[in-house]
Amino acid sequence: MRKVHSKSRNSCLRCKQRRVKCDLQAPICSNCTRRKENCEWPSWATAFTENQATISAYSAYPLAPSPLRMSLAADVSAGFPYLDLGVRACLANTLSAIPFSGNEVALWGQSLAKPASKFQYLQPALFSLVSLYSERYDPQNVPHDRSLAYRQHLDATTLFRNTPPVVNEENWSAVLIFGLAVVVFQFATQQTCPDAAFDYMETLHVLRMSANLAREVFPFLSKSSMWPFIQHRVRLSMRPPDPRAQAAIKTLEDAVLSYAVLDDDQEARIRGLNAFKDWVVDCDGYPRVWRHYIQWPRSLRNEFLLLLLKDDDIALLILIHWCVFLHLSPNRWWLELWPRRTAASAMSKFTQDWEALAWPKTVFALPGCRDER
1131 MRKVHSKSRN
1141 SCLRCKQRRV
1151 KCDLQAPICS
1161 NCTRRKENCE
1171 WPSWATAFTE
1181 NQATISAYSA
1191 YPLAPSPLRM
1201 SLAADVSAGF
1211 PYLDLGVRAC
1221 LANTLSAIPF
1231 SGNEVALWGQ
1241 SLAKPASKFQ
1251 YLQPALFSLV
1261 SLYSERYDPQ
1271 NVPHDRSLAY
1281 RQHLDATTLF
1291 RNTPPVVNEE
1301 NWSAVLIFGL
1311 AVVVFQFATQ
1321 QTCPDAAFDY
1331 METLHVLRMS
1341 ANLAREVFPF
1351 LSKSSMWPFI
1361 QHRVRLSMRP
1371 PDPRAQAAIK
1381 TLEDAVLSYA
1391 VLDDDQEARI
1401 RGLNAFKDWV
1411 VDCDGYPRVW
1421 RHYIQWPRSL
1431 RNEFLLLLLK
1441 DDDIALLILI
1451 HWCVFLHLSP
1461 NRWWLELWPR
1471 RTAASAMSKF
1481 TQDWEALAWP
1491 KTVFALPGCR
1501 DER
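Just so it is clear: in the sequence shown, position 327 is 1457 by my numbering, and no numbers are missing.
These are calculated hints, taken from the structure and not from any lab test. Please note: incorrect hints may appear among the correct ones.
To be verified - Derived CB-CB ranges, DEER-like:
| no. | residue 1 | residue 2 | range |
| --- | --- | --- | --- |
| 1 | Leu1387 | Thr1481 | 17 to 23 Å |
| 2 | Glu1167 | Arg1369 | 37 to 43 Å |
| 3 | Asp1153 | Pro1294 | 24 to 30 Å |
| 4 | Pro1371 | Ala1326 | 37 to 43 Å |
| 5 | Val1296 | Ser1354 | 17 to 23 Å |
| 6 | Glu1383 | Val1150 | 36 to 42 Å |
| 7 | Arg1374 | Pro1294 | 46 to 52 Å |
Where a beta carbon is used, it is the ideal one built from N, C-alpha and C, also for glycine.
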C-alpha cells in the first residue's frame, strides 16, 4: 500500500484521499489538473503563506517604537484592549454594509474576549489588521506597520495550522474571525503591494479557501444571537438594480456566447459566465458581506481557473466585471484599490479590444490599452 508522502500534510483534499504526493501548486495541483477534478485545499496556511518573498521583504524593516505598536506588544500579556479596534477593522467591514454602533462593537468584543485568550491564532490575526488599519493614522511609519502586520499574519496562520481543524460550539467564533481577518488582510496587502508581488490568482485562491471555512462556520453563526442582526442589516443595505449594470451583463453575455474561438474551453467559459450571473442575482448586484465576496470564486471550476491562468480573453472579461461590482460595493478600507488594480492588470493581457469593456473602463476611469500599466 502506498504511503502518504511526508511533505504532503498541506496537500489538496483529492491527493490526501488518494494517498498520493501533491505538488502543492495552488489553485490547482497537477494531479487534479490531469484528472480534471475540483481541487480543494484543507489548510489555510498553504494559501496564506505562499508569498514568502513579500513577507520576508516587509519583515526586513526594523520596527520603530510608537504608542500603538507598544500597546500591541503589551496586549499579549495584558489581555486584549485593542479587541474593539480589531472588530472595527475586520468584523464591521465584512458582516455589514452599515457601520456598527459603539454598542454593537462592544457586544462583539465581549463575545470574543474569551476565544481571544483561549485560541492563540486569533490575537495575531486581528493585530495584523490593526497594524494595517493604523497606516491611515501614522503614514510616516507605513513600512514598519506593514512589516509588523506580515509578521503577525504569519504567526496567526502558523498557529491556526497547528490547531485541530474541527469547528465546534467552542471555537466557531474564533474560526469565523480568523477567516474574515485573512480575507481582509489579503485584499488590504495586495491592493498596495509592489507590482512584482501582485497576484490576483492568489487572492482568488484565498477567497476559495475562505468559502470552505464559511461552510463549516455557518451552521453555528446562523444559530447565534448575532444572526438576526446580521440578516436585518443585509436587508437594510439592499439597493435597486442598476440599469447600466444589467445592460453591461447583457453585453458581456453576448460576447461570451458569440466568441469566435469555438474550442474545448467554451463550455468552461459559459459556466463561468453563468456562475457570475447567479452571483449578481444572489448579492442583488451589490456585494456587501463576507458571503458575497467569496461566492463567485468558490463556484469556479478548475477549467475556468486554468483559463484565467492562461490569460484567456473571455475569462478575463468575466473577472473584470466581477471587479466592477466589488468596486461599486460599500466602501471598505481594505477594498478601495484592489478591484481597479486587478481590472487594469487583466486588461493589459487582452489580445483584442472588446465592446464589453466599455462599462468597466467607464467605472474605473481606465483608458484601456494593452500597455497602460
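Status of each hint after checking the structure:
no., hint, in the structure
1, Leu1387 x Thr1481: 17 to 23 Å, "19 Å, holds"
2, Glu1167 x Arg1369: 37 to 43 Å, "38 Å, holds"
3, Asp1153 x Pro1294: 24 to 30 Å, "26 Å, holds"
4, Pro1371 x Ala1326: 37 to 43 Å, "40 Å, holds"
5, Val1296 x Ser1354: 17 to 23 Å, "18 Å, holds"
6, Glu1383 x Val1150: 36 to 42 Å, "40 Å, holds"
7, Arg1374 x Pro1294: 46 to 52 Å, "48 Å, holds"
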